[in-house]
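K.L.:
Residue strings, one per chain:
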Amino acid sequence: MTVTFENLNAGDTIEGASFAVTRESIRLFSDASLDYNPLHLDDEYMKGSFGKTQFGGVIMHGMNNFGLITRMLTDWAYPAGAIHRRLETRWVKPVRPGDTIRPSGIIKAKQVTAKARWVLIDVVVRNQDQERVATGEAMIEFPA
Amino acid sequence: MAAAQAFETDFWKDAGSRKVWDDIVPGEPRRTIPYTLTREAIELYCKSVGETHPLYFDEAYARATRYGGLIAPPSIHIMLMFACTPADDWMRSPGTVNAGQSWSYNIPARPGDVITLQARALDKFIKRERLFVVHDNVFFNQNGDVICSGRGWTIRPA
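Chains as they are written, first to last, in this note's numbering: chain A, 1 to 144; chain B, 145 to 302.
Treat the hints as calculated values from the structure; they're not laboratory data.
Result set (DSSO-like, lysine-lysine): computed pairs, CA atoms no more than 30 Å apart in a straight line:
no., chain 1, residue 1, chain 2, residue 2
1, A, K93, B, K271
2, B, K271, A, K47
3, B, K163, A, K93
4, B, K191, B, K157
All chains, please: the whole structure from these sequences, using the hints.
P.N.:
What follows is the structure, encoded as structure tokens:
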């Protein structure tokens, strides 16, 4: 069924595609995002500690999660004629090579404003152990 | 790929010239660089996160949509942040840890757009011995239209 503002309900879910994280996927994201922070590339460096945090090995870019959530939201919104307007995220657990992550969303609320209609979505990215690695909130606009 | 070739990928190289947490003045504008967004850069970014929507790749398809032509995914600002800042910008300090971000989207970026960034640290604080900076970023196209605006929280290397 095509998604419309009218037929959406709180609790409805959105499933994103799973994503296999490898050293190659992290390297590709570095090349694509121009973010060559050694956190993502240098195992020796990652034996140290960072602002009181220790990772023990290279980690995926947090913004790679952001990109996967965005992809899920836009692929969901475009066919409905809706527009992805906002995404807020927090990283709650590092993602490492060998992990498989998947974003999903759950409709939290709908709200009508003076000139538009909004769908508020709680988003989460989980790893293969169903642990939350990123959480956030999104806003999708359905033109009135 | 001229832009990518010119980009310094060794983030250690200019590390000595970057501001540390103590030097960062909240409210002070960061130096930024205009960047011309290319189809190739959009396609490479799409590949890295598995984006396959024809709006980003298929010109004939995109022209027939309400967007009237190819666009970039909203999250292209991830790349624009580094494309629009110089090598001595403190976002590139090795060990910078991204703690979270929020972004609002106005209009899409498109191939050929000349994109400018207005950026600053808005705030800095210490929490549980960690050195935080709050980032304030707005991207514009060549017409002065806002593409997107965002806040970020990073933990600075000690």
